[in-house]
Amino acid sequence: MKEQKNIFNWQPDRSKYPKVKENGELDIDLTSEKFIKLWQGPNHPGVTGNMAIELTVSGDEVVHAKTHVGYLHRGFEKLMERRLWIQCFPTCIRMCVAEPDYNEYLLAKSAEELSGIEVPEMAEWLRTLVLEMARLQSLLRTVPGQAGTLSLGVGVQWGVYLRDLVLDLFEELTGGRVYHMYILPGGVRGLLPDGFKKRMEDVLKKIEEFIVNIENLMFKNIVFKKRTIGVGYIDPAWVDQFGIVGPNARAAGFKRDVRKDYPYLKYNELDFDVTYETDSDIFARSVVRKKELILTLDLIRQIMAKMPEKGDFKAQTPNVLHWKIPAGETYVRSESSRGEYGFYTVSDGSTMPRRINLRGPSYTHAVSLLEKMLINANLADVHSIMVSLQTCPPEIER
Amino acid sequence: MINENNNSENLNKFLHKENEIRNVETPDGSIIQVDPLNDYFCTDRPEVKEPKNKVIEKFLNWARAESLWVLGFGTGCGSIEIPPLVTPRFDAYRFGVQMRPTPRQSNVFIISGYLAVKTLKRVIRTYEQMQGPKYVLALGSCTINGGMYWDSYNTINRLDHYIPVDVYVAGCMPRPEALLAGFNKLKERIKDGRAEGANEYAEKFDWYKSNQKKIVKDWNMPDYNW
Amino acid sequence: MAIRDILTPFTAWKKVFREPVTVKDPLNDRPGAERYRGFHKNDLTACIGCGSCEAICENEAIDLVPVEGIETKSGDSGLRPLVDYGRCCWCALCVDVCTTGSLNLTNEYTWVTEDPEDFRFIPGAENKPWDKLEAGWKKPEPNYEFYSLKREAMEELHPGDRDKSFIEIVKGYSKEQAEAEADRCVECGICIATCPANMGIPEYIKAVRNDDIEEGFKILYETNPLPEICGRICTHKCETVCSVGHRGEPLSIRWLKRYIADQVESSEYKRILGTDGIENNGKKVAVIGSGPAGLSAAHYLSLMGYKITIYEQYAHAGGMMRYGIPEYRLPYDQIDKDVNYILSLGVDIHYNTQIGKDISLADLKEKYDAVFAGTGLHLGRSTRIPGTEHENVYQAIDLLNKITDGKEIHVAEKIVVIGGGNVAMDITRSLTRLQNQKYGKVQMIATALESEKSLPADVEEVVEAREEMAIVNPGWGPKSIEIKDGKITGLHVVKCLSIFDEEGRFNPQFDENNTNFFEADMIVESIGQGMDISYISGDIKDSLKFDPRGRVTVNEYFQSDAPWLFIGGDIIQGPDVIHGIANGHKAAYGIDNFLNQNK
Amino acid sequence: MENYIEDIKLRFDVKDIVSRRDNLSFITCEKEKTIALITHMKNNLGFTHFVLLTAVDWIEDGLFQLTYILNNPNAKIDIAVRTMISRENSEMESAHKLWQQVATYQRELREMFGINFPDSPGVTDNFILEGWDDIPPYRRDFDTKKYAEETYFPRPGRETNDPAEYMKKKLS
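Residue numbers (our numbering), protein chains in the order written: chain S, 1 to 398; chain L, 1 to 226; chain D, 1 to 599; chain H, 1 to 172.
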């Protein structure tokens, strides 16, 4: 556990319990009546989406946790093996409900990379814009969501309303509210509608105001501080060991951001710094996400300013009804609001992909890392720890 | 017990440890055999409950229609549109719709899209635990005929084969506005006295069970629990 | 811990006095956005039922079903999409791929029902509340296509290089071009029904795409034994109904056919088609005329094992394909390539043998089990205006015939061609070449009754004729040929207003006040050809029936009322090559049936 | 990038080196040496970030391809190590000791492809599926459409027409 940092850290050191057997397993005897098995989820308001954690608790302390997923398994990777490349697009976006656009982009990017298609400049800008908008709407849910886990629901109400305004913008631009189907191989499916920039600016102003409010509500709130500072600590040494990425790694002092490290789309033409914190607890992760929200607003404004007004938005691809992508394999990644989000794509030169594998950040965060973090946590903190990792079950089981 | 048609071999294969038949020592020292599935759960079949008085029933239906308490169980994609629905923008509370955390308090079950087999098992249990009269609102193509996942090995195609459905809302996924229209339709249906899902489930119980068991291969729970 | 941390959160209270953000009437206040992907609507009259929407739908949400009131006709399958909202995911790929642009999404998104079976409908055929909505997803513009709407440009000889010689103009596709062109096909199959020979067009285009020439070649020969010829000069009716052509340029189906045939060496034919060692069944069939119909019949009959003998009146095989079509469009070596393969199947041919003169039809009846006649239209028709009897007034078909035989023909300095069909263009362009060779310049006017828009000739023929400096001036009816001192000086014409009357009969109307005069010292008539079936005489003629236009009446297998006599080609249908091929093919089945019946 | 590949080539017998991008290369290593190779890459070459482990079913060749993608966060490059294992009794050495999360990937692979990883913690536990009694679903020989049609009551009464066939029937 971390050193006593400040007065807010009142969590006792529980790491000595339960005892560990010689072979390294925890010494938990369920029949001793000192332990209770408790399922959190799948039907439970305190889990992120449709998943479950099987907790073994002693008093109010979790001594063992096991993540159960598969409640949302649809077998995307199998389904895409029997769909044409173009047909994979409506399918793949549903792998993550919260931010579907990253799926669209990555599959398009994989297809373009394997077949060597150049995307027009305008489309690159629009893709950057859509990905940032996706991050924006996701963060608007998760930043106040952290306070929501501590029953501070008013922030969530504000956040969800603002997210809805962003969804309205999405609807105007892409024709869809949640599943946008906007990024296709070769480009995108339309230019900005008239007056879009102004409406976008209006929404951004409201979000700026929201950030001030949420700052007062959450980050200067004694309850929130008490419940989050020093809780859910991630040891920086775990970052590589568990494959931690995104805001969770950045809150532990790692300045890792795919947008900066492996610039894709137009990110190398945008001016930004990687946000990070060093405390590595729930509070730090919340702060990183809030900073990310501010950064996203800034990036969207930069994109709007730098983006050309008109231009081709889709390159001509071969006929999509029988488009054969040359054999080969690739891995492409992007930075979603949860961290590194990547597609490993294998093509065997036929009209259908051989295999598409999604590397979602939740895959490691919600299973091995969460199981590790929950040990010795207070039962009441389980929910906040889970939300602070920003796990998304559909991308684990796909 | 009503699960005679159940494959006992299959049952044993998947039975959880705590549900196995075992010998337990009582406080007075004697040993008794415990069969948790039979001893700890009610094994009665659900019963059809006919309304007794038409006038009172009419009043009750009106009351039921105006207080739809929805179970907060996000079973699929569509649940992402629930937060906007219950927050200020669409504010479903003003229409008598509110979210509840447990099946015991709820009478509306929103199946928000596709159901993976693993979730279906929980959905059946949850549905059976809800208090009657209970209503099911099915969202999106997936519940009607499989939707996007029509050829998936792990999602059901037609929800009405597993639990009775009152109202379908088209969309993938339906917007909050469409959901509200769904609630309006459900209200109409309840006020007309046509929303008899719970009774239908009791009537065609064997059919529903055989469909459910065809899919839930590790049926390791009591046949009916409420 | 600071007191500030306790007090600051209470600033949220100030929001209490703000205007609520709640949507008052969410069911009516919020129509979908301008681009919203809501429910489907379809313009049933524009839709052709090509099924591209069905092909691209990843959920198999779209079925093609017949709709009452919509007829199946050439270019329209008569089927319309039925959408299953138990499958749809509103991705709008069906809209973006739609070949006609008839399918769109509206911005309506609310549909609630108690019965799941309701969610199936034929957009446009069932009155849905959203059918009238304008807003909603439409295919994005511009430059957003799922398949290229532009044809691969065919490389051709530059007009300056070609107007003196008879070298083939069209160079043919390279492999890359052919594959790119084949890639544009959406595989709907609408074209198959329009092709008289019902060729398996999507399949052989697929073979080109997959670079599987041998497979494509086999598919070609299933329905068409003259691919080199057809690949060059087919009238390509298929391209007029190509679904890609509704919004863009139709596929170059003809050039792709030619591409396949060009790739295969003559020596490879028998190996690829597996036609070595066909067993002879001992029956004999005579074929009169080695045009497309005759060759097609001979080909399919010999595959069935019949012993075929062709009688040809000229010195070479090919009929009108050789004697009617100039070499720059169809080189003779390509005709030979196709013909030689058919002859190699064991077909005998007697050249310079005219039926009715050298041997009578009755003799053939005696010597053979059945006879197929495809003698074609070799008689030129005259306009019969004053002056046509002059020696410098020629029939296009006679001139083309002589050019083929390499005979010297009269080429004047100023020529007028009457006629707007492909033959007229052929003779126009042939004569421009000869004028160029002889005089180094072109003074050529082609005129026709039809207006520019309704010219029967292929558009590219007209364009190319103009590129070769011929003047094409349509819309004039010939009135008289002016002859001074025994020499032609020109052609008087009057403006033609309409050609057909209300009942569709040929009855041209002229504006007598609007006249014109084309200077010329030579006039060529090319207003169509007639048939010469004088070889059918005596008893045989009496046993046949004729329709009002003088054609022999035949059944669907081209069998005349004399059961041993089958007749096809231009003298029955057409005139064009592909009809001839189709007739020959069908007649081959007819003959086979007829001869097996007798057994 | 070249330095790393050169280093690996010196120590291990790798083949099929494909450079996809400046910062992404694929290499193939034999099954027995793979864990040693990625251990070397992690400990000595700075490939400390484990991106993913997955399998590709090459049923035509009777092989599974396992792909380990490793990332060097400082040099900002990725190297994907491929290894081919037999489809029959497929088994692979576990890599969970290098990165704890690998155990999850191996659990999934065992369930979805039927590839066994002895010694990997909890590898036999159900991960995604529950009560699955067919062949592992991600294998190519598992036909998901057929399975779904037999199991999940598809809606009856659907029929469609192929335009070409339909026109042939109508117009001939």
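Each hint should be verified, as a subset may be incorrect.
[Unchecked claim] Here are the computed lysine-lysine pairs in the PhoX-like style, where the Cα-Cα straight-line distance is at most 20 Å:
no., chain 1, residue 1, chain 2, residue 2
1, S, 255, H, 76
2, D, 73, H, 9
3, S, 290, S, 206
4, H, 97, H, 76
5, S, 205, D, 15
6, D, 73, S, 220
7, D, 171, D, 150
8, S, 205, D, 14
9, H, 146, L, 214
10, D, 139, S, 310
11, L, 214, H, 31
12, D, 175, S, 324
13, D, 73, H, 170
14, D, 73, H, 169
Hints are computed from structural coordinates only; laboratory data are not their basis.
List, from low to high, the hint numbers that the structure doesn't satisfy. Hints 2, 4, 6, 11 are the ones this structure does not satisfy, whereas the remaining hints hold.
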